[in-house]
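Asks: The primary structure of each chain is shown beneath.
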Amino acid sequence: MSVGAPKIPVVVAEVVEVNELIKRFRFVRRDGAAMPIFSGGSHVVVEMDDHGTRRMNPYSLMSHPADTMGYEISVRRDEVGRGGSLYMHNHVKPGMEMVLSQPVNLFPLDARAKKHLMIAGGIGITPFVAQMAQVETMGGRFELHYSVRSPALGAYVDRLQQHYGPRVHVYFDELRQQIDLKTLLKSQPLGTHIYVCGPKGMIGWVHATAKAMGWPDRAVHSEEFLAPPVGLAFDVQLAASGKSFTVQPNQSLLEAIEAAGVEAPYLCRGGACGQCETEVLRCDGHIEHNDHWLTDDQKAANTKIMPCVSRFRGAALILDR
Amino acid sequence: MTKTMFEPSITSRPVYGVLSPGVGSAHLFVADGEGAEAVCDLFAKAEAAEMKSASHIIYMPGANGCDRSAALQALGVAQFYRAPSFASAQPRLAKVLADAHMGLQVYAAGTEGLMAQVATAAQAAGLPYEAVQMEHRGSLARRVQCVHCKGVTENVTLDPFVCSHCGLSLFVRDHFSRRIAAFQGVNIDAEDPGLVPASVERFK
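For the protein sequence lines, the chains are A and B, in the order given.
If you count the first sequence from 1, you need to add 1386 to reach this note's numbering.
If you count the second sequence from 1, you need to add 4 to reach this note's numbering.
Be aware that a few hints might be false.
Ranges between beta-carbon positions, derived for each pair [as the list claims (entries may be wrong)]: (1) A/1616 to B/181: 24 to 34 Å; (2) A/1598 to B/11: 52 to 62 Å; (3) A/1598 to B/95: 24 to 34 Å; (4) B/83 to A/1572: 18 to 28 Å; (5) B/154 to A/1559: 41 to 51 Å; (6) B/154 to A/1704: 52 to 62 Å; (7) A/1603 to B/8: 21 to 31 Å; (8) B/54 to A/1634: 23 to 33 Å; (9) B/88 to A/1494: 53 to 63 Å; (10) B/179 to A/1572: 19 to 29 Å; (11) A/1569 to B/22: 27 to 37 Å; (12) B/158 to A/1603: 24 to 34 Å; (13) A/1616 to B/11: 37 to 47 Å.
These are computed hints drawn from the structure, not numbers from a lab.
All residues carry an ideal CB built from backbone N, CA and C; glycine is no exception.
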């Protein structure tokens, strides 16, 4: 959280290689105090000092929400990304000091649901690990449908199946196993809520299928963090703080604003939460809107921008910041 | 009777739409009095024809005596059930919701008290409030909870009115509780006991 709440100084307690693509990190507080209890679905922003470049990536918490001794995240190695996951994989070792944000939940369970139907794709499993632990503690009803490429890449499959038994359903792409979504959605008791976290295609598929089958919008929840896309360098001017600078190809606009010493609001840094919404005072060119927050009309108007993931091409961009 | 127009008010005051055929595996209608006409209007639409075999209508005559059972029965839906009152239909409604699957569409039509209680039952079954389609028809009489004794008085037409439970004179607010499915009635002569303005028929 950027505004007000103090950050959490931590030390890396454990790094576990889950499989060839995924590593799990456990953080404890440097002062030995307890972490805040979080709710399943929460994420933290991990700050990295990548050899002079400041990276701040959001990761879902996957430890038990009641475990105040530490927080755990799982990071999937992304070879073509901007480098945050590679930094976590290659440079973060036990004993290292890092900084986390307070936990923020943009993907909470709806406590009014009679049953929670969780649908995960790949690394999208992480928020559900915490949510299942929470639902089990509260005696709630849930079912997990987890789709993953292969048994070798099925992070936590064994652990989850062992602990939750038949409530966990696993599908391996390599074995041509697929979630039979229509049959699954047809048989759910009234009051079931759907939660989906995974690749963009999966999220769209679940939303569209549920809608076509008469599920209310408010009973279908999803979370997709976008990594800020790389792009061409562009110039930006900040009217309120009187600064001008260039946003580098592998830097987000928000990161460039921060690098210029201007404090800007943010929460998720992934185009989902709306916290960093910024007024555009002048736009001579084209804003590449990459967020899930602004409506299509707002995007077309080019009067607002989400600097965490969106970019610009053109002659001049002036922001009210 | 056509769609009712309501004066703009505070945000807690419910607003209603016009029933339209929803997409889903089953359709549950609950209506009272003139609300039957909203259901008939929906089924008059061409796209509603194929809904009939998956539709269930629960109907009760209005407190004003309006009974359109015959028109609803003539629609030929899969199930039609006529109840003498909402209270008597409640166990059936709860059972239907408990046995239902996601994909069920819920529609409520008629008086505000009826629609509110249907929405409350749907929420108790785990459906979001927004998932219930509502259309107001007929009487504007209100279901009002006395904020002092918590008793609910049905079919309130006068403002102020005398609480049927504790006897206080209550001013009827637009403040509405979705949880209790009732408008809130507040004692009007708390500071000057006995100084009660003349009742006006505000909710005909």
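Asks: Against each hint, give a clear statement of whether it holds in the structure.
Replies: Status of the hints after comparison with the structure:
1. A beta carbon spacing of about 52 Å between residue 1616 of chain A and residue 181 of chain B contradicts the range 24 to 34 Å that was offered as a hint.
2. Taken as a hint, the range 52 to 62 Å is violated for the pair residue 1598 of chain A and residue 11 of chain B, whose Cβ atoms sit roughly 38 Å apart.
3. A hinted range of 24 to 34 Å for the beta carbons of residue 1598 of chain A and residue 95 of chain B is consistent with their spacing of about 33 Å.
4. In this structure the hint that residue 83 of chain B and residue 1572 of chain A lie 18 to 28 Å apart at CB holds, the actual value being about 20 Å.
5. For the hinted restraint 41 to 51 Å between residue 154 of chain B and residue 1559 of chain A, the CB-CB distance of approximately 57 Å leaves it violated.
6. For residue 154 of chain B and residue 1704 of chain A, the hinted distance range of 52 to 62 Å is satisfied, since their beta carbons lie about 58 Å from each other.
7. Evaluation of the 21 to 31 Å hint for residue 1603 of chain A and residue 8 of chain B yields a pass: the beta carbon distance comes to about 26 Å.
8. Checked against the hint of 23 to 33 Å, the pair residue 54 of chain B and residue 1634 of chain A fails, with Cβ atoms roughly 58 Å apart.
9. Distance hint check: the CB atoms of residue 88 of chain B and residue 1494 of chain A are about 43 Å apart, inconsistent with the given range 53 to 63 Å.
10. Between residue 179 of chain B and residue 1572 of chain A the C-beta distance comes to about 40 Å, which lies outside the given range of 19 to 29 Å.
11. Look at residue 1569 of chain A against residue 22 of chain B: about 34 Å separates their beta carbons, and that is inside 27 to 37 Å.
12. For residue 158 of chain B and residue 1603 of chain A, the hinted distance range of 24 to 34 Å is satisfied, since their beta carbons lie about 33 Å from each other.
13. Distance hint check for residue 1616 of chain A and residue 11 of chain B: the Cβ-Cβ separation is about 54 Å, which falls outside the suggested range of 37 to 47 Å.
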